[in-house]
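Colleague: If you read the protein sequences in the order shown, they are chains A and B.
Be aware that the first sequence starts at 1, since it is given in the numbering used here, and climbs by one per residue.
Be aware that the second sequence starts at 1, since it is given in the numbering used here, and climbs by one per residue.
Just so you know, the hints here were simulated from the structure itself, not pulled from any lab data.
Since no wrong hints were added, every one of them can be taken at face value.
Here are some chain A residues the structure puts well away from chain B; computed CB gaps all over 10 angstroms: (1) Asn7; (2) Gly16; (3) Phe25; (4) Pro31; (5) Leu36; (6) Gly53; (7) Gly71; (8) Ser107; (9) Ala108; (10) Arg112; (11) Ala139; (12) Arg165; (13) Gln171; (14) Cys174.
So the derived list for chain B, only partly shown, Cβ under 8 angstroms to chain A, looks like this: (15) Ile318; (16) Cys478; (17) Gln486.
From the three backbone atoms N, C-alpha and C, an ideal C-beta is built for every residue, glycine too.
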Amino acid sequence: MTNLTINGLRVSVETGSTVLEAARFLGFPIPTLCHLEGLSPYGACRLCVVEIGEGPRAKLVTSCTYRVEEGLKVRTASTRVVRARRMILELLLGTCPQAKKIQDLASAHGVRQQRFRQEHDDCILCGLCVRMCEEQMMARAIGFRGRGESRSIGTPFDMKSEVCRTCGGCQLVCPACQLRCTFVEKDAAVCGGCVNLQPPCLDRPKFDNMMCYMKPCVACEIEQDGR
Amino acid sequence: MARLNSIPELKHLREIIQEDMADSRPRIVVCAGTACQASASSDIIRVAKRYLLEKQLLDKIKLRITGCHGFCEAGPFILTEPMKAFYHRVGLADVPRIIETTLEGKLVEELLYADAVTGERYRCQDDIPFFKFQQRTIFGRNQKVDPMRIYDYLATGGYKALEKTLLAMTPREVIEEVKASGLRGRGGAGFPTGRKWELLAGQPGDRGKYLVCNADEGDPGAYMDRSLLEGSPHSIIEGMLIGAYATGATHGVVYVRNEYPLAIKHLIIALRQARDLGLLGESILGSKFSFDIEIVKGAGAFVCGEETALMRSVEGKIGEPRQRPPFPVEKGINGRPTAINNVETWANVPIIIERGAAEYAKIGTRGNSGTKVFSLVGKIRNTGLVEVPMGMPIRDIVHKIGGGPSGKAAIKAVQTGGPSGGCVPYWKFDLPIDYDSLSEAGTMMGSGGMIVMDENTCMVDVAKYFMNFLKDESCGKCFTCRKGTQRMHEILDDISKGKALMEQLDLLGELAYVVKDTTMCGLGQTASNPALSTIRYFRREYQRHIFDKRCDAFVCKELVGAPCQSACPIGTEAWRYTAHLAKGEYQLAYNVIREQNPFPSVCARVCDHKCESRCKLGTTGSRPLAIRALKRFITERIDPMSYKPQRQRHEGPPERVAVVGSGPGGLTAAHYLSLMGYHVTVYEADAEPGGMLVAGVPKYRLPRDVVRKEIEALIDDNITVKCNSALGRDITIDGLFAEGNKAVFLALGAHRSRRLGIEQEDAKGCYPAMPFLRAFNLKGEKLAKGRVGVIGGGNSAIDAARVALRQEGVESVTILYRRSRQEMPAFPAEIEAALQEGVKLEELVTPTKVQVKDGQVCGVTFIRNRLGEVDQSGRRSFVPIPDSERGVTLDTLIVAIGEQILEFNPAGSEGLEYSKQGTLIADPDTLATARPGVFAGGDVITGPNTVVDAIAAGKKAAVMIHRFLRGEELRQPAERNVPRVYVEPRMLSPDEQEEARRAEPPLLSLRDRRSGFDEVEKALTQEAAAREAQRCLRCDLEFTQPKAAARPAAPGGDPSTRSQVPASA
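Between the sequences and the hints, there should be enough to build the whole structure, so can you do that?
Modeller: Set out below in structure tokens:
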């Protein structure tokens, strides 16, 4: 067992477990997008950052990849952590605004605006599908290609893969392309708010945290484009 | 090469080689480093080889081909031994001469390296400032060895350190020695090398351990690792051998970029030679110690310089960093313990062992021992690789070694540490260069790139350039690094295009902080530095881009538009009237000028033409367009009265505004206020309106009838001019408000000369420049006689000198200036004209005493100066030479060392604030003074300045007073000032452009100039003007050309600005 302090609470967890596992086991919520039990931790989305250490040596690390150490001091929701998480969510909204999971997280963290130029990507390169394919489906049909701006996920040379069994595991785990707010098809829409072309934020309680609250509102944007 | 089986055998071999090489034959050394090869040093080598063969000189003189020596600016060069003569920029034809004279033991004087400024020739390499101030412990070897010959390396004491370790040191002792030396990793982070080795040595070695040499040097502008590998590969091999001995490592890896073919080639050869000699491989030199090195070629991803990414790349996987811990020393390549050090670190190791830690630690400062190689590139005269002890101030590197700025513009900052580093502004140049000081200043050592930037470098563009690099080179694993760098680049791009708001600057700062905080590897954690450090030190530049829509360095194309237009303080569309002139449309051309400038004829004569200094023709190799001469040509042909300005409708009863001072600034403000419907009263202290235009500027530059005509055309029904009304004497600000004026604009000129502050300055025959000029210009009094001395180097000094020269009874005129002609603030053309007319210039003298006889000046005593160090203003300072005082006989002395505003009686004009220099304080952006409703602009707030700046102040004052009277916010975001009107081009063909020369206006004959006050400069002929106008590159077309029309090929190269950031040298 390893002894550490999480949010001021002295705890003892199994040696070798990650900070994320320890925190979740003890009931401290840490948001994640690229983490899934059963898949190896990767640390791509950075949402699960926690603050470790003290004073000038304090730093943020991803809890999903950081193993517990004896005497480690962890803060899962310090100002620094929250500030970072909110900026990450704002960046995610700027990239992938239709993903329900991202919208929900942003909503839960009180992110009320998105100040970047709006993009409509359908992938945040969290790599869940790559790990799913490799580790659970033993297929290794897809992987990362390129770096920087041109990084993408796909099969080698974009050719039809011979090892892919079209199992759909990759889609199942995707936080961005599954459960997307497809706002134009009424039935497929998550909350429906935007299809009615009403600012859905007015109707908040009805949809709880499932709504499209974006600013600029996706609904409004469509309405403007339609004119 | 026979394998050496013991240390004595190595020693013996070295002795034989050294004996063999220790002959007295002279030697010719040619650098074949990559930079020199680019400047054709391979041809030099070929010619030299052929010459030696043809003349059968091989046994008389030797040729050595080496790696980079560092002075890449001077390449290709030849160094001779033993004289150490340094011939720079050698041509192929010079080679035989150099060989022959070297054989004779002489020098070719005219080919020796000469200082670009002083012209001084240096006979020995060690005396050249570039080399003199360096301490080349690791880099000095490059010029002594041929990298492809291991014998050269052995002869210079190579592998002696290895010998020493194998013979007399235990691994523990080696580690202790390295620890004691204080060596820190030269890759940038500065982790103590000895400590790293200690950790590696402590790891279990049953499955093998790795040592890695990180040669994945990817910073734009940095190439010291490359040059070390190319020039002295054995130093790195020896360093790694010692490291392996100390840590028990079994495998060595050199991870080198595939973009460094020469380095790889030399390394392969060096490894083979070392293996053949038994210095590498199994049981080295017959001992039990075994170690081998392999080369892994990197594919050029910047991130692979990060150690965890590098390890994955070595393993053959995608170069992606991973979380530490576990650290590489615990779990590295293939899961084995691994230590990774930079090329330069490895090169330091043999030196530490050979000299001993204590000796090594004496170099540099405490905690930062040793030397560091920097690649000094950018806007600097001596580009190249420099090695200096740590702790040297940046100023010394830039000025002493680098030789100062390469152009005329002053140095603004240096960028260190590559893309992830930051900037150090000029005012922090006393910063000692070491790991800790740099990181405190918000930048980092990095691998040692040092990019020098001058006033023509835009810091927003620099940040954008590096961010663009990082967004492409981020591995993309961490979302915040990948997307964060993209978004930061997006915001910087918006700022550079004038599309951003101030909120975005805050967002940029916020995002930069989070990216720094939440990414995993070194690349991401430092990716924000380019933005953060430029915002920290150059926030003003960002604000200028965002709020004023100006790029003062003239780099950001979208904001600059046509450089001539944005260089003009009043935004004159020079390209546009030039285009009309080219087509013969003179009235249209005049209207274009007059729209922005109420004084076209005045400016056509006395403007300092900032437009010309920014003209693309001038910055791309040719000479700038003669814009002022073209303006002069137009104004000669068109009557000022022909222009009818547009008047705005004014609602309600007209409000009254008072303007104090009827110079160009005051009259401009009055004119534009009148156009907006205000009733303006202009108060002038002298008997005639015009201010400095009639009182200060001499007639031979600006004939009085031209000024009068222009002023006459400006004064309309809304403007009343009251002469002989001086502020403080005849009027007060309180009085002006009491008379019903709603606002007051103070546009007083600087009519009072500064005093020298030396003895007997008030003697008869001694005049301050302004009273001297005013007496002549306003009253026709000729005060100068006999031998005239003028003290000062500004424009008023030149004016006074030229006016004095033209007065009867003057024998000679001498200007006395404390610095040299280069530092004179007067316009170079004016200085040239004065000298042509016979004015003498005495440089580097400071007057100490006025000699007086019978109350009349009879001479002046001065002390000689010499030029000293570069001071804060970027000019060379002057240092008096003791006991060099000398007297000169004079009959008239004119003191022209600067002007101030005339003091006025403050009673009734309270509520204003003054600076220490005696100028009024007003907000430079809004011109508002401390007293509400009172605005001030021109000389009264800036000190003596140009006519066009006064006009600009007048225009701004009109806008601000209008806003003030309307109750609007004074400070409002500016509009982009880019060309908007399309004028069909009529340009020279590319061939004609090639031949065309700048048109110079004809001048009055020298005889007439000396004897009279006729205007010196005449207008261009019609033919010359038309041709000159067609020489314009028409930078505006990029913005105004109708989309459908095909763009004509721009002659003389693409006028568009290219990124000013210096890329890799």
